[in-house]
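Enquirer: Work out the full structure: start from the sequences and follow the hints.
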Amino acid sequence: MNRNRSRAETISGIVILCVLFCLGVWIFTRAKHYNESAWFGRAHQTGETSAAAEIAPDAVELAGEIIPEGYAAMGDEEVFDSETLSDKINGKADLYLESGFASMRARRFFDKNNPETWFEVYLYNMGEPRNALTVFSLQRRKEGRDAPEIGAWAYTAGNAIFFMKGPWYVEIVSSSEDEAGASLIRCAQSLLSSLEGEELVFEELNLLPKDNMLHSSLKYFSSNGFGFHRLDRILAVNYQAGEREIMAFVSVRDNPEEAAELANAYYKFLLELGAESAPLQDTGIPGILSADVLGDLEIIFNHDRMLYGIHAATDRSAAVNLAIRMLNHANTER
Amino acid sequence: MSKETHDKAMSRREFMERIIKAGITIAAAGALGLQIHDPHGPYAGGASGPARLGNYKVRGLDERMAIIHGSDRRQALRRAVKAIGGIESFIKPSDRVLIKVNAAFALPAILNANAHPDVVSEMIRLCHEAGAKDVRVTDNPINDPASCFQLSGIKDAVEKSGGRLYMPRESYFRPLTLPGGSLIRDWPVLYEPFEDVTKLIGISPVKDHHRSGASMSLKNWYGLLGGRRNIFHQDIHTIIMELAMLARPTFVILDGTMTMMTNGPTGGSLADLKQTDVMIASTDPVAADAFGATLLERPLTSLPFIAKAAEAGVGTLDYESLRPERVSLEDEHNSTQEQGA
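Chains P and Y supply the protein sequences, listed in that same order. Everything in the first sequence is counted per the working numbering, starting at 1 for the first residue and increasing by one. Everything in the second sequence is counted per the working numbering, starting at 1 for the first residue and increasing by one.
One or more of the hints may lead you astray.
Lysine to any residue pairs mimicking SDA-like chemistry, simulated, CA-CA at most 20 Å apart [to be verified]:
#1 P:K219 x P:A241
#2 P:K219 x P:V252
#3 Y:K21 x P:R5
#4 Y:K21 x P:T10
#5 P:K210 x P:E243
#6 Y:K82 x Y:P93
#7 P:K142 x Y:Q275
#8 Y:K274 x P:R140
#9 Y:K21 x P:L17
#10 Y:K21 x P:S12
#11 P:K142 x P:S216
#12 Y:K57 x Y:A312
#13 Y:K274 x P:R145
#14 Y:K21 x P:V15
#15 P:K219 x Y:M261
#16 Y:K21 x P:I16
#17 Y:K274 x P:S176
#18 Y:K308 x Y:E63
#19 P:K142 x Y:I110
#20 Y:K21 x P:L20
#21 P:K142 x Y:K274
#22 Y:K57 x Y:K82
#23 Y:K21 x P:V19
#24 P:K142 x P:M247
#25 P:K219 x P:D94
#26 P:K268 x P:R230
#27 Y:K21 x P:I11
#28 P:K142 x Y:T262
The hints are simulated quantities; they were obtained by calculation from the structure and are not laboratory data.
Expert: So, in structure tokens, the structure goes:
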């Protein structure tokens with residue numbers, strides 16, 4: 001360009017470049033001071049619905065037939081995903097997230113004749129039946145009463161009903177101090193029938209002796225059993241031994257080598273935690289390992305591809321007897 | 001563009017036209033910027049200025065603690081406050097009091113997941129009886145705040161006893177840094193209810209907590225945090241310790257009338273609760289929690305945040321060193337009746 005620039009043009013150009021430079025510095029500074037805390041899940045403060053509303057399209061809607069007669073919905077259904085679950089149940093979310101949680105729906109219903117009385121339904125999609133069993137069994141209340149009128153995997157505990165079917169785990173919690181009544185049971189039955197999922201068949205139970213087994217104490221650890229990250233797919237159940245209860249566990253591994261290796265790894269884990277080796281004599285159980293954990297006895301052994309054990313037993317001789325029974329049962333089952 | 005055009009000198013008129021067009025463009029860009037400008041910046045819109053929570057302890061008063069046995073929450077609370085010196089020792093007529101309750105969940109009072117409304121209302125009455133100018137109640141719940149305060153019965157309790165409920169809004173939060181803290185750095189804290197406050201009281205239930213092991217007096221301050229506070233779950237014991245350093249209350253009330261033994265912090269079933277019939281008042285929240293651990297039947301080693309808070313100088317693990325006054329409401333009642341007879 002041959003013509004000379006005017007002074008005004010030069011000044012205008014410099015001003016525009018300065019403005020652009022300032023804008024750039026401002027944007028850079030703001031980006032540099034990005035504050036994670038400012039971008040929190042504000043859903044509950046603004047009334048926004050979680051993005052999780054779009055997930056779990058297979059979930060049954062908490063409406064229609066599941067609402068007992070005389071009750072009405074108290075508000076909209078809430079939907080939570082793994083990002084937002086703790087906005088509903090806070091610290092308890094960890095248990096679900098570690099167990100394969102997919103989504104959760106919740107809704108409250110109130111008694112039209114007595115609006116002070118209401119109940120809330122929590123419908124968890126745990127992805128697969130064994131994950132549902134994990135959260136069902138690990139939270140099972142000791143005082144809970146089996147509720148066969150609802151289902152095989154169901155119990156009531158005071159004001160609440162808990163059950164599972166297929167990948168679904170359900171809690172129905174009432175605001176009333178009364179025992180869960182007919183309305184809640186009807187809601188549970190209706191919800192159960194509308195949920196798709198196979199009844200859980202738990203073949204591992206057959207790997208343990210039946211006598212004195214306390215079925216309601218059954219626990220399933222899909223991961224991190226007894227605090228050891230490698231101990232997954234563990235079925236644990238208590239046995240009555242006189243006045244005391246003893247917990248036995250079993251896990252089916254892929255092959256005998258893996259079962260033996262896992263038994264050794266768990267034993268080493270206990271020793272690293274400060275447990276002391278506590279050798280047992282004349283049990284007749286090949287490769288048995290045992291450790292004293294702060295006065296409690298831990299027994300581990302494998303039989304074929306099954307990993308067996310006794311956890312935190314306070315009665316040593318009863319624990320050893322149960323371990324021998326477990327091995328004899330395993331031999332019989334073969 | 002042709003060579004001719006290049007060579008042609010720009011006329012004054014043409015220059016003015018270009019200047020006007022450029023001006024309009026800049027003005028439009030500025031107007032658009034103004035339209036989308038967030039005057040509050042990325043700090044969730046709080047008021048300006050540094051926030052401080054500070055120390056609300058009564059100067060010159062030694063640490064005190066009371067352990068009251070009884071099932072009537074109102075009576076037990078009154079007796080507990082009397083045992084640590086009476087409400088007049090703490091609240092003066094000119095005081096503005098903030099009661100930080102645990103109202104985390106939209107659950108009914110019977111589940112013991114929140115501060116009990118009877119305790120909240122009775123504490124408000126006590127403060128008014130001492131002549132407090134203003135009694136405020138607040139929390140930043142986990143669930144929807146309106147539902148939490150309504151369904152827990154706390155909203156009703158506050159309104160009927162003459163308190164003022166501060167439900168959290170974005171504008172109530174201010175960024176705050178705990179000097180020497182590793183987690184609370186430039187983090188939004190529920191500050192507005194603290195404006196002009198002269199006394200701070202904490203009220204919380206005794207609960208199991210899946211992540212921290214327990215939720216009692218110290219964990220109650222977690223409800224002052226805004227932002228994506230769930231990220232602190234990764235270092236829960238440190239954040240509870242830092243919160244304990246941040247807010248030094250006048251005293252705390254730890255309600256162990258019912259204790260949530262399992263499936264905390266939400267529970268869900270009455271079967272998660274155990275009737276323990278204890279009300280604790282303490283100027284030392286660490287001591288209160290150390291005693292609370294006994295109600296949960298947990299060793300202190302399983303609740304590291306209590307020892308951490310003690311190490312940080314917030315209080316003592318040895319609650320017996322405070323020589324807590326122990327009273328059984330039933331025994332006291334029987335004794336009074338015998339004297340009357």
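Enquirer: Identify every previously stated hint that the structure contradicts and give their numbers, smallest first.
Expert: The structure breaks none of the hints.
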